[in-house]
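Numbering (the numbering used here), first residue to last: 1 to 257.
Simulated from the structure, these hints should not be mistaken for laboratory data. All of these numbers come straight from a predicted model, not from anything done at the bench. C-beta atoms are modelled at their ideal positions from N, C-alpha and C, and glycine is treated no differently. Certain hints may be false.
Simulated restraints on C-beta separations [stated by the list, open to error]:
#1 Asn-11 to Leu-236: 43 to 49 angstroms
#2 Ser-36 to His-144: 52 to 58 angstroms
#3 Arg-204 to Val-38: 26 to 32 angstroms
Within a straight-line C-alpha distance of at most 27 angstroms, the following computed BS3-like cross-link-like pairs (lysine-lysine) qualify [claimed, not checked]:
#4 Lys-74 to Lys-89
#5 Lys-239 to Lys-157
#6 Lys-112 to Lys-247
#7 Lys-89 to Lys-116
#8 Lys-242 to Lys-116
#9 Lys-89 to Lys-132
#10 Lys-12 to Lys-50
#11 Lys-247 to Lys-116
#12 Lys-80 to Lys-157
#13 Lys-133 to Lys-247
#14 Lys-132 to Lys-80
#15 Lys-112 to Lys-133
#16 Lys-164 to Lys-132
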Amino acid sequence: MANNFLVLNDNKTEVINLSSRFVRSPQISSNAAGESTVTPVRYLRDLGVKFDRHLTMTRHINIICRGATFALNKIGKLRKYLDQVTTEKLVQAFVMNRLDNCNSLLYGLPEKDIAKLQRIQHMAARLITLTKKRDYITPILRDHLHWLPIQQRIAFKILLLTYKSLQGSAPTYISDLLTRYIPPRGLRAGNVRPTSNLVPVRARTQTYGARSFVVAAPMLWNATPVNIRTSQSTELFKKLLKSFLFKVAYEGLEFAT
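Make the full structure from the sequences, and use the hints.
Structure, rendered in structure tokens:
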């Protein structure tokens, strides 16, 4: 750190012992940070994400839901004075941004956790369109708001990060996790470009390994149509990808998520 002219702030340093909840790991009593002694904590915040020591992300999801619900209640009190366009802008700024922030970390979580975020999205859609609770919400999301469900929004974020990595516009510590597939010499690739696929990585564990970017990104990328993967610009890629995931979400198109 001294070589990079950085100084460790002892008072703001936190340590967390990350471990699998299926394996008993030795407890760390304390650790030295500069001139201070730091005791490991159960939860740690980094870049707005609340991590727990087993990476279940339950605490983080609960915080998102609590903040989003608070924002929806505040907007709801003003709803009768607002038109739909203004309400949607407020919801996008104070609710949907919470749901999308660092949501790639939520990939592979149990359905019960994703369902909490999905309920928040449904509440936001009802508030914008003034849809009653007993009315079916899927047509509103699909036909009026054109919103992707939470599961597809997570896949969208991972695939966008993968595309930027392959285009050289992502940090190298992310790009280095991906390896382009090079077919054996003499193998005919047909109409598929040899470099459009990524080398898949097999996860050693389902609960943790399959959630990692190095495993999830190649799997999702290889399952995406070639015309999307070979887009010439980021804007075109996002447009085609959203249309594809829209079909996955609402038309039953198969996709490995």
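| query | Tell me, which hint numbers fail for this structure? | reply | Those not satisfied are hints 12 and 16.
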